[in-house]
Each structure stands twice: as C-alpha cells, then as structure tokens.
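Undergrad: So the chains spell out like this:
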Amino acid sequence: MGLMELFCSVHYWDNFMSLSQAVIDQHGLSADEYKKVLEILGREPNLVELGIFSVMWSEHCSYKSSRLHLKGFPTTGPQVIQGPGENAGVIDIGDGDAIAFKMESHNHPSYIEPYQGAATGVGGILRDVFTMGARPIANLNSLHFGEINHPKTPQLVRGVVAGIAGYGNCMGIPTVGGEVCFDACYNGNILVNAMTVGWVHKDRIFKGYASGLGNPVIYVGSKTGRDGIHGATMASDAFDDESEKKRPTVQVGDPFVEKLLLEACLEIMQGDAVVGIQDMGAAGLTSSSFEMASRAGTGIRINLDQVPQRETNMTAYEMLLSESQERMLMVVTKGREAEIKAVFDKWDLDCSVIGEVTDTKRMVIEFKGAVVADLPIDPLALAAPIYDRPRKRPAYLDKVTLMPEISEPADYTKTVLHVLASPTIASKRWVYRQFDHMVMTGSVQLPGGDAALVRVNQTNKAVAMTVNCNSRYVYLDPRRGSQIAIAESGRNIVCSGAVPLATTDCLNFGNPENPEIMWQFVESCQGLTEACLALDTPVVSGNVSLYNETSGESIYPTPGIGMVGLLKDIKQRIDIAFKDDGDVIVLLGQTKDELGGSEYVKQMLGKICGPCPDLDLAAEKKLWTLLLQLRDAGFIKSAHDLSDGGLAVSLMESAFAGDTGFKVEWQSELRADHFIFSESQSRILVTLAKKSIPEALPSLKVAGVPFSVIGYVKKDVAVATHNGKVLFEASLADFKTAWEQGFEKGVFAN
Amino acid sequence: MKIGVVVFPGSNCDRDCGQAISKVTGAQILYLWHKNFDLEGCDVIVLPGGFSYGDYLRCGAIASHSPIMQEVKAAANRGMPVLGICNGFQILTESGLLPGVLMRNRSLNFICETVSLKLENAKTPFTRKGKVGAVSRMPIAHMEGNYFADAETFKTLEGEGQVVFRYCDEKGQVTEASNPNGAMGNMAGICNKAGNVLGLMPHPERVCEELLGGTDGAVLFRSLLG
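Chains as they are written, first to last, in my numbering: chain A, 3 to 752; chain B, 598 to 823.
Hints were generated in silico from the structure; no laboratory data involved. Possibly wrong hints are sitting among the right ones.
Below, simulated BS3-like cross-link-like pairs (lysine-lysine); rule was C-alpha separation at most 25 Å, straight line [to be verified]:
1. K790(B) x K752(B)
2. K343(A) x K632(B)
3. K768(B) x K738(A)
4. K768(B) x K581(A)
5. K693(A) x K703(A)
6. K581(A) x K693(A)
7. K570(A) x K620(B)
8. K581(A) x K692(A)
9. K604(A) x K416(A)
10. K692(A) x K703(A)
11. K738(A) x K716(A)
12. K693(A) x K717(A)
13. K348(A) x K225(A)
14. K573(A) x K620(B)
15. K728(B) x K790(B)
16. K665(A) x K727(A)
17. K604(A) x K154(A)
18. K632(B) x K225(A)
19. K66(A) x K209(A)
20. K632(B) x K348(A)
21. K594(A) x K665(A)
22. K670(B) x K348(A)
23. K747(A) x K430(A)
24. K416(A) x K747(A)
25. K727(A) x K716(A)
26. K430(A) x K604(A)
27. K620(B) x K463(A)
28. K717(A) x K768(B)
Reference excerpt, derived from the structure (chain A facing chain B, CB under 10 Å, subset only) [said to hold, decoys possible]:
29. V163
30. A167
31. C172
32. G174
33. I175
34. T177
35. V259
36. K261
37. K348
38. D350
39. Y434
40. R435
Glycine included, every Cβ here is placed at the ideal spot set by N, Cα and C.
Input sequences plus hints: build the corresponding full structure.
TA: Structure, rendered in structure tokens:
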C-alpha cells in the first residue's frame, strides 16, 4: 500500500489508535527519529501528528543533512538587510530601496509533470518574495536537462519552458534571464531552479512572525485541496522507476489566483494591520504556522473547520499536509480583521480567520470539535535532527580528471560551427521568446546578454541579475567548480556595468546518505564560502535540494547560483554587442591550456573529463575592479565574459549581438584549438574605441591583469589567425545561422 | 484630458500603460476598476494587456461581460476613443466592438519579441500623428494573436481601411515570413468603421523611451494630443 492510499483510508477519528510500524515507515522517519518523536511528546503521536513530524523533519523542510555545512556561509555585510532564515533575503541598494530575492528548486515535480512542476516552482518563489512585501520585478531560471538525444528530453524541455512561461507571463513579471544546459547525468532527474527578484521599500519589509497574544491567524488565497500532499516528503526521496506514480503529489498552479493574491497582499501591506505573513509552500499550512510561531516564540491555535476547502470530506491530515498553491497565512492586529477582509473581497479571494496566536508555545489543532494534534512548537521546528553524515572522496575523481589526447581539427570553420550549434551553447531564443521578458517596462538588458538589467521603479538605477552553474566543473572538482560558479556570476554582473552585491544559492545534489555525495556537498559549500568571502557577495537566501538521483545514478553536483548587483547610473550600462567598425578588441585575463570539462571536449570526445579550470579569486577580483574602472573612464564599448566554448564562442556572440563581425589574431604557445576553446576563468572580452586606446592602455598596464589586443571589429566577416595561420575566414552569417538554429535542431530534430 | 486605464482582475500592463501614457501626454491617468459602472469623466479609454480573468473560457470573454465594459461599449458607440492592447484587443473582439477573433498563435507557443509594423490608417485618434506607410518596431507578447475573421468581414476590413497596422519586414514589405502568429492578412491592429475603437496586439507602451529599445509606440499616445 502506498502512502496515498494509506492515509486516504484512515479517518481522523482513528487518529488515536496506536500506529503500526508500517505506517511509521511510510512516513520516512528513521527508527532514531521516531524515538525522538516519542521523547518530545512523552507519548505516541497520532496519525496527524506523525504526518506533521514527517514533513517538518523531511530533508526538504529541515535541512537535516545540510544545515551543519551551510553555517559557514558569509551572510552579513553592509549591503545585507535580511540574511537567510526568512522567506527571501533582502539587500540595500540605497535611497530607501531594497531588493528581495531567492532561488528555489522544483526538480522532482518538474520531472514527473513538467508543465505544472515548473509552473508551481515559479509560483512558489514569487510568493516567497512578495511575502516580504516586495513587488516582484523579474524572474530567472536555471534549467539542466538530460542529453539532447535522450527520448524524454524534448517533452521535458517543452513542458518546463511552457510551464514557466504560463505562470510568469500571466503574473506579468518579466522572465529576464537564465541558463539552459544539457548533460546525460540529468537524464532521469532534471533541475528546474527558479529565482525571483523583487523591490521593496527598506522600511516596509514584512516577515513571518506570529506575534501578539490573541491576534487572529488568517488564511488567504486559494482553497485547500488534496493536491501536493507529501510533496516535501517526495522531494526528500530518490527517484526510481515507480516515481511517475507520484504524479498525484505534484501541485497544480493557478497563476491568475496568484496574481490576485499578489495585488491583494501588496495592497494590505500598504497599511499597518499585518503583523506577520508567510507563504504556504512546502508542507503547506503545517510548516507556515510552525515557522511563524517558532520565530515569534509563541503558540497558535487553529480550527481546521474554518479552512476554505475545495473538496469535500477532507481529513485533518490532508488539510495540514496539502500543498495546494496560492495560499498565504497572515497574523494581523486584533480588531483589524474587517479591513483585511474588505481587500480580499475586492480581489474575490477567500479570507478566513482560522485561529489565533497563543502564549502556550504549542500548536493546537482542532477539527470538528476535537483536538486532532497538540504539539510543542520549537522541538518540531528547531530540534529537527541534524546529521553530520559520513563523507568520502569519490572514486570517480581520479579517473575523470585525466585528459585524453584530442587530434587537432583539420577544418576550424567546421569545428567552430559544430560547437556553436550545440544546444548548450546555441542561442536560447526558442526558450526566452516564450517568456514575456518586457512586461513592467523595466527590462533594459533583454535575454541574451551576460546579466539581465532591470530598472528600479522608473529611477536611474538598475539591478543586474544572473543565474549560473557550470556543473561540469563542479563534478570535476566540487570545491573549485563551486568557486567558479560564484566568480562567473559576478563576472556576468560586472560585464553589465554593475557591482555584484549578494548571492542566493540553490544547492542541487544527489543522495546525502551516500558518503561520496556528501563529500561533494561539503566541498562545494566550502568552495562557495571561500568565493563569497573573497568576492564580497554574501549569501542572503537559498535552498537545498538533495536526493537528485534516479535508480542510483546521481546528477552532477549543481550549486545553482543567483546573483544580484547594482548599477547606480543606468547610463553606465555595458552590453556584449560589438559596436563600430575599427573598435579594438582586447582580451582581458590569461588564456591557459584548460580544456577540462569544456564544451569543446564534450563535442569532440562525447564526455566530460579533464581537470577543472583553475581559479585565482584575487585575480578575479582584480579583473572586476579593472573593468569597473574602464567603465568609469567611459572606455568600454562592449564587454563579454568568456565561459563555456571559450574565446571562439564569446567572439561570435558579441559579433552576433552587434550584427557585425571581427578580425582577430594572436601569438600563443597553445595549439590553436586549445587556445580558442580554452575555458580559463577570469577572462573578459572587451572592445574600446580606437581613439581611446592611447589613454586606456596605460591604465590597463598598471592594473595587474594580463591582457592582449587581439584585433578589431569588422563588419560581416569572421577572421581568426593563430600564430600567423588563418584558422577560419568566413562570412559571419554562416556562423550565426548555426548558432540561431542549433537549439531547435539539436533538441527537437529527433 | 483624462485617460482611463481599466483594471480587470489579471490585467498586468495597466501600470505600464498608465506610466507610458502619462509620460508621453502629460494627461491625468485614472485607473478604472472593472466592477464599477462609471468611466469617471474620462475622455479616452485604454484596455491594457494581461490575462483578464486568467484568460479562462476564452481570452477576453469574461472581461467583456464585466460591469465597466457596459459603460465602455456605450461610450465607444458614442464615439469615445477606445484603445485595446493585446488582451485589450481580445476583449474588444469578445465584446463586439471590433469584428473577428484572436486565435492561438500558429506556432501554438507564446511569442515575445519585437516585430516590424506598417501603419496603414492614420485617421484614427491614436494614429493621426503617424504617417501611412511608416514602419515602426514594437514588441508583441501573446499566445493568442492570430487574427481571424470570416471572408465578408475580411473584405470589409480591407475595403474600408479598417486595417491600421500590419506585420511586415524591416523594409515594410508585408510578407508571410514577417507574420509572427499567422494573423489573416498580417493584421496586427484594426479599427471599427467609425475609427474610434482600435485594437492591436503589439505593445506600444513598451517602446516609449530609448532606454527600453525605442520610442515608436509613443505616436499612439501623442496622437491624442491636440
């Protein structure tokens, strides 16, 4: 009997029967954890209570395997208003403006039911941000799919992209950026990470506190149904062949209701009636009420009869564990209920007082005249088990970091075309064309650049944002690969002309009970810590998604990074596009023989191997400083980060964006393919006006950043010469066609 | 001049429209709530884009029955300038103020991108400062923009000069390749017989300042000024 059938067959009045071992096992609690439950309660839990423990102590809600290792993250700084622990992190961008942001995973649901899984992922992260009182101004997403020739990939890509579009477009929040990658390790477990960025006045930030004895607890938004029950528990379990049967645990989203909820909540937050507010996300009513009471050190009494219900004969168990979407829990000042109700009536949303704040530090839940659960708050919310799980350096590392010999391409034009057409590299227009990326009239840098730029509230300020994780590097070296994810995110932001400010992370890993995975996780956390400290980008919010594996096969460790930066004067923005004929192309940073984990090697050998590229955090920081200096001096005409695909791809992308071309040449000890496809870090391709060169060169020379002048912008052609030998000399249009069509041809041709 | 922007539940370009129109015209902007039976003395009505009523049933179908639309219909029939953008266009066809329907895009996907448009009617209150034949660039962002009408209506639209904007290439050629959604006759915007009601799929409010990629949309609002 599965969990679903099990709890559907049990009525609430059976709650006080002794629970069988089978029932306890079904709830995913270990013997030790169940012992702890007995200790806390001093008695056996009933089924409702067991369900609550089960979700509250699930990996998804309690972070029991990861918590210990997240403690090291730098989380403070003058720019930080709210660090981790709230619904979203908040940073200060001056003039009373603050930015709330967070990234979250919705991996398991998106694999089982791609449209709804991805859609509700967007819905959930939007609620996390507007719960803080912030109006969402942008969405981003990081999508990792399986190999392009895997039979499930095309429908997963279609479904996930349509789901994100369906939700974000209807909400009227622009989806301004993201990444889409393909690797075989995601064949059975895709990653869908969604990020929302919102604006809030610094003095109008709301938090999830259930304070004030006697204050009413109000339920607002959609009615509660039977969907998503035990979603959090599912998200804390590995996949197997039976996973598709878990489809009923996937929630169904209604972005229309969420749009109403957003407007109604923000309207109410203009006043001072709201004491605390929290979204009902994973583990629904249970986790939101426990967390709010725990933060405030209070208790809550709830009467489930008052919960708006979409279906008949729902049990207490179902109502408490439902993950129906578009719901919020609010605590408001006693006596102000009518004005809250008036606003929700205006927006045609349910609004019901379901309980009150008490001083008992207990959660007491009543239903049909009986107490169905009576639990202490803190032991559940705070005393969840914390594990220091064993870890062991993975055996694969010794093998995959070896780099086999690659024979030099006979025809560089062909090879470059091939790499440009790879769906991981190719234009993502097919994807972002389905996202409304211009609504709200703030999108200054549209998708296709290094970082998105969104104007703040019709001012001259813009927020730069990006999401990033090249998990191939993390696979080859979890610590350095994670540092690179931070460095590259920051570099993207610098390339838009902005200053990186803070980070949100979405840590996607395999099964933490496997010591090799746990080793990856801990190494990765340490790498993130080192990079965030060195680059002054503290972590202000985040999410951990473990058990990303199917039938024992784990994904690459994928610490998805979302980063936000500030551009104080929007006129100083920079984009990737080459501009005018004759502009001088300069490569900042050093190109080393680093093909490990590169797209080129994947295309040539069909595998991810070799040593992870090196990263010197001090050199990275110097590079950022130099770029921002050149920006201030007004020298920069374009800037583009070098990442997957190396110099060859960055040159092409800048030319495509500017609808122009280039002529470049260099001397190098590296073989030509090693040079143009190297994925050495801390490099940026910039163009400067010819006339500013005499002035710019001296400042370049003293900056301590290696650089080389490699050529100039030249309309319509693509010419590259290596050590005096022409590598390719072709019309830019040919390359552009391959790059423009690569995604659709690669993903959907089969 | 007072310009009313109607707010339906699910409208999401209402603020964009209000801000852009205010910037371009300096006119007073009133946001009109869908449940009201009052246009509050507005001289021009704008039905903004979005997903009114979640686009449930059919895009614009439920909104066309909302209280405020009864007033908008009456005012439009008296000759008041009414502009429907994107979902607003869908509401205009559903309410019978404009003929035809907007079907799902030929690709069946949502499309957000900047397209070229050719102005063919510079007599409406929203286009009278434009030039017939001029090519402009404006973004579209919709799932249902594939305009369709029966043969007789199509003939009338063409014959009576009711086609205001057509999708075209950058040189102004109306071609199949420049038709993003399959709209009949590349129609991007049409008006009623009297010319005071205009519906269009592109979003002029999104291109009213250089920072956002152009100012080609401003002409629609500037045309309202004397």
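Undergrad: Which numbered conditions among the earlier hints are violated in the structure presented, ordered from lowest to highest?
TA: none
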